[in-house]
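Take a look at the letters that make up each chain.
Number of protein chains: 2
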Amino acid sequence: MPKADSNSDPLPAAKSCRVALIGFGTVGRVVAKILCERPHGPLRLAHICNRNVERKKQSWVPKDVIWTEDFQSVLTSNADIVVELIGGLAPAEQIVRGALQAGKSVVTANKQLIARHGPDLLQLASSRGCQIEFGASVAGGVPVLPALRTGLCGDRLHGIAGILNGTCNYILSRIENARIPFSEALEEAQARGYAEADASEDLDGGDARAKLAILALAGLQTRVTPESIRARTIRTVDAVDFDYAAELNCTIRQISRADLQEAALFAEVGPSLVPAISPFGRVQNNQNMVLTTGKYGGDVAFLGAGAGGDPTAVAVVSDLLFVAQNLSTGSRPQPPQQLSTPKVSCDFETPWYLRFLVRDRPGIVAKLAAILAAHHLNIDSVLQKPGYDKTALPFVITLEPCRDSLLHPALEEMSALDFAIKPCLCLPILR
Amino acid sequence: MPKADSNSDPLPAAKSCRVALIGFGTVGRVVAKILCERPHGPLRLAHICNRNVERKKQSWVPKDVIWTEDFQSVLTSNADIVVELIGGLAPAEQIVRGALQAGKSVVTANKQLIARHGPDLLQLASSRGCQIEFGASVAGGVPVLPALRTGLCGDRLHGIAGILNGTCNYILSRIENARIPFSEALEEAQARGYAEADASEDLDGGDARAKLAILALAGLQTRVTPESIRARTIRTVDAVDFDYAAELNCTIRQISRADLQEAALFAEVGPSLVPAISPFGRVQNNQNMVLTTGKYGGDVAFLGAGAGGDPTAVAVVSDLLFVAQNLSTGSRPQPPQQLSTPKVSCDFETPWYLRFLVRDRPGIVAKLAAILAAHHLNIDSVLQKPGYDKTALPFVITLEPCRDSLLHPALEEMSALDFAIKPCLCLPILR
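The listed protein sequences correspond, in order, to chains A and B.
Going by the numbering used here, the letters in the first sequence line up with residues 52 to 482, in that order.
Going by the numbering used here, the letters in the second sequence line up with residues 52 to 482, in that order.
Honestly, the hints are just simulated from the structure, not real lab data.
These numbers were taken from a predicted model, which means no experiment stands behind them.
The reader is advised that the hints may include incorrect statements.
Copies of the same chain look alike in the list, so a pair counts if it works inside one copy or between any two.
What the hints assert, rightly or not - Cross-link-like lysine-lysine pairs, in silico, DSSO-like; alpha carbons within 30 Å at most:
1) K346 with K114
2) K108 with K346
3) K436 with K84
4) K66 with K394
5) K436 with K473
Kindly generate the complete structure, drawing on both the sequences and the hints.
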């Protein structure tokens, strides 16, 4: 065994904080395990609250832990920190507000709650002299939220971009590597438990934009609602798009990004072309990545497991230790940072990838080129790979950088043409 | 349980901390700039200390900042936090110890000082009720040290690996991309200011092993000296090795790694084969990357600028804000963690890449294979690409995993053979 230093003065044991766990599912069980493994640490598991609690009891949990189904009894107990792991808005919001009002600090992994009510809950915590931490609410295994309050706080960040949804990344990297249709990749993800039966929240970007709203709150000090961030679905991306992306030395990922530019926050979520050799292009399977851009520090990337009980539990326990340290040293939590409420826009200026699916006949490119020219949009390349069915022919036009808002009317015109089988798929190309 | 008082609304503005900057070079200037940009923040620049200070004065520094050449006067001043940015051991050690003894907290970017005296300085700080932070001492722009005390503290880490030296990474990725000789890549790095005239500390691993010792201290809670970590030079790697590495779907990087296994810390620094598509394989130019491996969280990667005034200054200011927060809330710093003092070993069990340079003649592979067999070492592949000069022929044998200590005697025998032009280059292959 490694030897502890003999010359270290005996340190006084800090008084431990009583932790109440509300929600004893995949994450909660691992949190409890880690706490029970460290009986002499600053955290002591005191309460476990769950529905049907009798069925949840575990032999490895110390006998003095109180098991209950009644979260109200936890809120009036002597617990110092409440860990909310039930997810969703109700009754999670009631629990979190109740705990803070009772002067208990809160640790939560609840992205919907924080994305919607984070600023108010931070304010409430501050007014009651306690803390709320939510490091597990975004990209569980990637310690980006704690980095925003520590190692990056010396910078002034203006950009955050990420691969924040493991389900989408699993599906897109499967299509990339096996060139299977979207529907097959989705079924595979469902069979492996990476996607729910109704995966709309993941596929259509609802999950990722909630996380982006939290990152914008913590990293850019902005108050934005998830609904104000445009989300594009990945359902329209198919294997052929990876063929054409490869021609452009790119691949496709669901990218969530926010850029603070003076009074506006440019933000959106959706499938995007990224260079194959970029950090984003290398993210495989259900990993997550976050890239921050600061005035001084430039780009910093964080990569890790996106979800899963174990990595998410690490984020929860790390937050617990942070809260416990403040409690045990008697330090008063910092007041929340001043937030701005910028106008949210999705009108990025960027190069574009347009993929058409047409009944082939002469003059199609000429017709499309004429529409683009009429809208003052510059074509960068026209790509038509051989070997596709001429009755449903996919081909690609890439455009030089222009604003989303300029492109939109041209897209509508082009998608209404009689040779178009489907509306044109339009993806930004990130550099 | 100590609870902050709840009648704390509204919050009084925190008193600002007086910061003394010792060392006003590339990093110091940016730290000063950031502090002066935030006049209403919790940090106030109060002293700047440097040799020939008259020549250093800047018009953008507020008039009430005291400029001095005498660091003793800073130590007896009313500064709350001393930032040591002069580097090296003397007089930096004297300054840091003096500041801590005077009850001032310290922020430093000094890797040699922390690698050698970190544990003692942490102990000294704790005994004086103050803090020492050194987030800028490893991989300036990569906020891994703050992450170790925040987002990852809920895990139990057992492995840390990194690309920690930007000079080596610049040279190796230049050889990789341009297939130029080592000597030419080094000259180019020197011409661009990425390598010093005497680059031994970088090339031979001295710089990286100091950083690895710090990461092992902060992440694995071990007390190891830099000298106890084996360092292999990158000077023996040449363009041909990238040709052969590519045959194995690998590239070559200077990797620093530490693995805690029961009573031993396996640690070393040196050129290693890494998969071309791995996170390490993608790190280009003078970027840094750190990968942590934990019992629960698995692998987490951090990627960013390795050095440079701006990113390093962000790390310094982030540490300053952390210290200031503790000072302003009156919290007592946590006692330093218990450290273990494990045996340090470089006896990794790993597959190996052996590159020979020989005067070609029949029977060479047979002779080498016989020596390997006599040492019970299993050949995985023999690679001989065509087109090289037969009078100085490079070829490669890869071995199945074995301990470094088993391989070593065989290497000595093989390098002594009369057809060997140079000793065999032996690199671990990381998976």
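Hint by hint, here is what the structure shows:
When the C-alpha separation of K346 and K114 is checked against a cutoff of 30 Å, the pair qualifies only between copies, where the shortest distance is 26 Å, while the shortest distance within a copy is 52 Å. In this assembly of identical chains, K108 and K346 lie within 30 Å of each other by CA distance solely across copies; the values are 24 Å between and 50 Å within a copy. Taking the shortest Cα distances, K436 and K84 never come within 30 Å of each other, neither inside one copy (54 Å) nor across copies (53 Å). In this homomeric assembly, K66 and K394 never come within 30 Å of each other (Cα to Cα): the closest approach is 46 Å inside a single copy and 33 Å across copies.
Taking the closest pair of Cα atoms, K436 and K473 come within 30 Å of each other only inside a single copy of the chain (19 Å); across copies the shortest separation is 50 Å, beyond that limit.
Checked against the numbered hints given earlier, the structure breaks hints 3, 4 and satisfies all the rest.
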